[in-house]
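Visitor: Keeping their order, the protein sequence lines are chains A and B.
With this note's numbering as the guide, the letters of the first sequence map in order to residues 1 to 432.
With this note's numbering as the guide, the letters of the second sequence map in order to residues 1 to 144.
Treat the hints loosely; a few may be bogus.
Here are the simulated BS3-like pairs of lysine-lysine, each with C-alpha atoms no more than 30 Å apart in a straight line [said to hold, decoys possible]:
id : chain 1 : residue 1 : chain 2 : residue 2
1  : B       : K62       : A       : K408
2  : A       : K384      : B       : K4
3  : B       : K127      : A       : K308
4  : A       : K406      : B       : K60
5  : B       : K127      : A       : K384
6  : B       : K57       : A       : K384
7  : B       : K57       : A       : K165
8  : B       : K127      : A       : K391
These aren't lab readings, by the way, just hints derived from the structure by calculation.
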Amino acid sequence: MIWNETKECMSRDELEFLQSKRLVKIVDRVYHNVEFYRKKMQELGVEPGDINGIEDLHKLPYTTKNDLRDTYPFGLFAAPQSEIVRIHASSGTTGKATVVGYTRRDLEIWSECVARALAQAGVTRDDIIQVAYGYGLFTGGLGAHGGAEKLGAMVVPMSTGNTKKLTTMMKDFGVTAIACTPSYLLHIAEVLEEAGDIPNIKLKAAVCGAEPWTDNMRKQIEQRLHINAFDIYGLSEVMGPGVACDCEYHKGLHVYEDHFLPEIIDPDTLKPMEKGETGELVFTTLTKEGLPLLRYRTKDLTSISYDKCECGRTLARISRFKGRSDDMLIIRGVNVFPSQIEAALLEMGGVTPHYMMIVDRKNNLDTLEIQVEVEERFFSDEIKDLESLTKKIAHVIQNAIGLAAKIKLVAPKTLERSMGKAVHVIDKRKLV
Amino acid sequence: MFIKQLSVFIENQEGRLEEVLDVLKQEEVSIISLSLADTSEYGLLRMITSNPEAGQKALKEKGFAAMLTDVLAVKLSHQVGKLQEVLSHVCKAGLNVEYMYALSNKDNEASIICKISNGDEAAELLKSKEVELYSQDDIMKIFC
Chain A
1 MIWNETKECM SRDELEFLQS KRLVKIVDRV YHNVEFYRKK MQELGVEPGD INGIEDLHKL
61 PYTTKNDLRD TYPFGLFAAP QSEIVRIHAS SGTTGKATVV GYTRRDLEIW SECVARALAQ
121 AGVTRDDIIQ VAYGYGLFTG GLGAHGGAEK LGAMVVPMST GNTKKLTTMM KDFGVTAIAC
181 TPSYLLHIAE VLEEAGDIPN IKLKAAVCGA EPWTDNMRKQ IEQRLHINAF DIYGLSEVMG
241 PGVACDCEYH KGLHVYEDHF LPEIIDPDTL KPMEKGETGE LVFTTLTKEG LPLLRYRTKD
301 LTSISYDKCE CGRTLARISR FKGRSDDMLI IRGVNVFPSQ IEAALLEMGG VTPHYMMIVD
361 RKNNLDTLEI QVEVEERFFS DEIKDLESLT KKIAHVIQNA IGLAAKIKLV APKTLERSMG
421 KAVHVIDKRK LV
Chain B
1 MFIKQLSVFI ENQEGRLEEV LDVLKQEEVS IISLSLADTS EYGLLRMITS NPEAGQKALK
61 EKGFAAMLTD VLAVKLSHQV GKLQEVLSHV CKAGLNVEYM YALSNKDNEA SIICKISNGD
121 EAAELLKSKE VELYSQDDIM KIFC
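All chains should be built: construct the whole structure from the sequences, respecting the hints.
Guide: Next up, the structure:
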């Protein structure tokens, strides 16, 4: 279902006209309300009058996560505190948390975008949806919640942490949709499978995000739970979940371009790239009041397609992420994305996608160990079988990443399951 | 003619073997014979127990990879060359021994547990050569 046909199926000309109008307004807003942007634009010799439409986007300065940290906590806000009605903050894995603020209108637009995403996944007001992202400072829980309420579905605000309660309610309520991270959904599938409860649930759709996942992982989730799974994308700096989401054709994630203007740049030269090329995704928020951002660098690597989709939407699509420019590992000079390991393991079959990469440096040589869980049916009482499984995994992974890795089989369910973002890499090299 | 062996995958980690044994103790499963095969990364614990099914269930519940395998328990008398004699039949038939370990029992006999490639063929072969095999019931009697 298309939630907002006027906006989601606009012609490119109309859309660009709307984007241009909004860009002019937002530039004016940040120039006059945010000292950081005024200074940056002055340094570049750009004034609001120089920006007449999206063709002038390249003249504007970039924003990075560091800029948000440097202006911690509210330095980039473009609305007075009295108008800010909500704060979220990203998990501060390095240094201080990044704080984001929303006006009432920001929250309305956020809910609108999430409602579009849920409608794209086939969720309607007749559905019962469990929101199993963390509620609180993380944007996942409340973001998905707002959109589901806007859509009119019956919302069960599960949050994370009690899988048993989640699966029980899923059965008892006849829950038909769920929003959570893909790795948590796999964990939920495991729990349901163990209890023999797959036939007892009415789930039909999942909207998963907050971490990169592969198409194979999506298919595995779909097969194990007999549902359709959709990839929702977002980041708290830009808004939260609901910046983009894929449709039933799974040919990229539709960006809600009337609110978020995407570009692809070369992360090294910072020059915009040609249409269709892969590079770093950059967003300019077009309607945000609380924390409007110009050319925010997401570090996510992808490409954009502007072709009309089979689903009828004209909104540009970003392709499934090739990883993040900052979670890419360089091991013995080879670029490795953890998602490649996951894809290789899933293609091979017989192993779960639960894995842990341990990167270390011994005698000035990088080492890569990959711990993989042995699935029950592949377990054997003979060493030679386990050894041949190890060799097979090593071979498949070497083909995938072009690098020899030491494979270590571990017992089922011993690798840590995450309720939020899955941790797949332990880098002991301390390169920074 | 086969008996059930309980096999458990054990990561080379401090305390893992003890954990396995503790699970079996809680379940009151007694071990009559065992072998521990080790590699640098993990070990395989193979056991003949008083209640392999209960042992497997309890171990699985605790998150261990545990499985039941059909193995042969061959009765041998304490005489020089007895084991060689049995193996010569196996070799002549072109079968391989995957692994083997000793089975302790109360009688004044030596016995072995072994897994031979193509178990059915091996069992038929040994019976035809009048080699005595323990049944699951015979094993249970050892615990009495």
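Visitor: All hints are to be evaluated individually against the structure, with a verdict given for each.
Guide: Status of the hints after comparison with the structure:
no., hint, verdict
1, B:K62 / A:K408, "holds, 21 Å"
2, A:K384 / B:K4, "holds, 20 Å"
3, B:K127 / A:K308, "violated, 73 Å"
4, A:K406 / B:K60, "holds, 27 Å"
5, B:K127 / A:K384, "holds, 28 Å"
6, B:K57 / A:K384, "holds, 25 Å"
7, B:K57 / A:K165, "holds, 24 Å"
8, B:K127 / A:K391, "violated, 38 Å"
In this structure, the hints that do not hold are numbers 3, 8, in rising order.
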